[in-house]
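Using the sequences and the hints given, assemble the complete structure.
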Amino acid sequence: IMDVVVGRLRSKNNLILCLTAICVGIGILLPLSIGAQERQGLLVNAGLSVQSDSNITRTAEEISDKLAVFSPQLQFLSNVGQHKYVFDYRGDFTVYNEYNQYNNNENSLNLAAQFGHSYRFSSVFSLGYQDSVEAPGINNSQTEFGNEFNKLTRKSALANFYYGTSASNGQFVLGLDHNQQRYTNNQQAFRDINLNTLTSTFFYRMGPQTRLLFEAIVDRFDDIASTLATDRSSDGNRYLAGVEWAATAITSGTFKVGYQQIDHVDESFIDIDGLSYFLDMLWHSNSFTNLELCAKRTTRDLSHTDIAVFISPAYSLSVVHALSLITHYNV
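Per the numbering used here, the very first residue in the sequence shown carries number 23; after that it's consecutive.
Where hints are given, some of them may not hold.
Said to hold, decoys possible - Cβ pair distances, simulated, as ranges:
1) Phe98 <-> Asp257: 37 to 43 Å
2) Leu196 <-> Ala82: 33 to 39 Å
3) Leu220 <-> Ala82: 37 to 43 Å
4) Thr187 <-> Gln209: 44 to 50 Å
5) Phe98 <-> Ser309: 45 to 51 Å
6) Asp244 <-> Ala268: 34 to 40 Å
7) Phe137 <-> Thr311: 35 to 41 Å
8) Leu313 <-> Leu133: 30 to 36 Å
9) Ile160 <-> Phe137: 32 to 38 Å
10) Arg80 <-> Val341: 44 to 50 Å
11) Ile292 <-> Leu198: 26 to 32 Å
12) Asn122 <-> Ser145: 29 to 35 Å
13) Leu149 <-> Tyr226: 28 to 34 Å
By construction, these hints were calculated from the structure, which means they are not laboratory data.
Just so we're clear, the structure is a prediction, and the values are computed from it rather than from any experiment.
For each residue, glycine too, the CB sits at the ideal point set by N, CA and C.
What follows is the structure, given as structure tokens:
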């Protein structure tokens with residue numbers, strides 16, 4: 023498949039001159055049983071996009087290029103009584119037209135299970151593995167890469183416990199999350215970490231489609247690089263309050279705001295505290311067009327040995343318009 027993509031990039035200039043992404047999706051559903059209440063079985067999707075990037079390395083040199091991204095997805099879903107099981111694979115295979123040294127492959131695997139223990143009590147468990155490429159400029163500093171982007175692997179384990187349902191007057195959710203992050207090139211091993219997170223959230227129903235939420239998050243960031251004199255390990259806390267709504271058929275979303283704090287083990291690093299917020303709002307402007315507005319203020323790690331983390335506000339606006347019931351394009 024990749025040879026075909028490369029051949030088309032080199033032989034058909036009318037494709038690579040497109041400044042907007044052209045996406046093609048193919049879906050195949052093989053049902054496990056007839057009359058199931060929700061989709062089950064094997065779902066196969068594939069997307070192809072052709073893009074133009076004016077600065078692929080996010081540096082002052084501003085190297086521009088055209089690229090093609092092939093994105094396969096394989097998902098298997100099964101229900102056994104009150105229990106649900108999901109296997110999910112997603113990939114992104116990227117080919118550049120001129121700067122082939124930046125070609126890369128990304129793969130993500132996830133296994134998840136949801137158990138309905140009783141009417142009020144349920145749980146979700148998942149295991150994940152991902153090998154990916156770090157987007158240039160994402161850490162707000164000059165990343166030291168040469169002939170390829172930073173590459174890393176992530177392993178994750180998640181356990182969520184629910185008391186009450188989304189329809190209850192009150193619902194309590196307890197989450198335990200373990201993540202391992204390992205860099206595999208460009209001398210970025212000093213950024214290898216383990217991250218353990220404990221999240222507790224209480225939802226209180228204010229109306230048929232509106233719930234208040236109160237959330238407390240405790241993080242333990244472990245710096246596992248043993249070659250450095252400094253220790254970038256830290257303890258983090260976030261306390262948030264907000265609202266989750268789907269008040270009408272037009273808008274839905276979640277907004278929460280509060281306080282965040284990061285205390286470093288090594289006193290040479292500057293501790294961080296202050297405002298934290300999160301917004302994810304979907305607006306269904308009509309039957310064919312959806313707009314999604316996202317905003318957040320969190321922290322990220324830097325690719326420096328002498329600076330640990332920094333405040334990172336981020337904003338995005340996405341538009342999805344369906345040309346028909348089958349095809350659509352993203353902006």
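Numbered hints the structure breaks, given as an ascending list: 2, 5, 10 and 12
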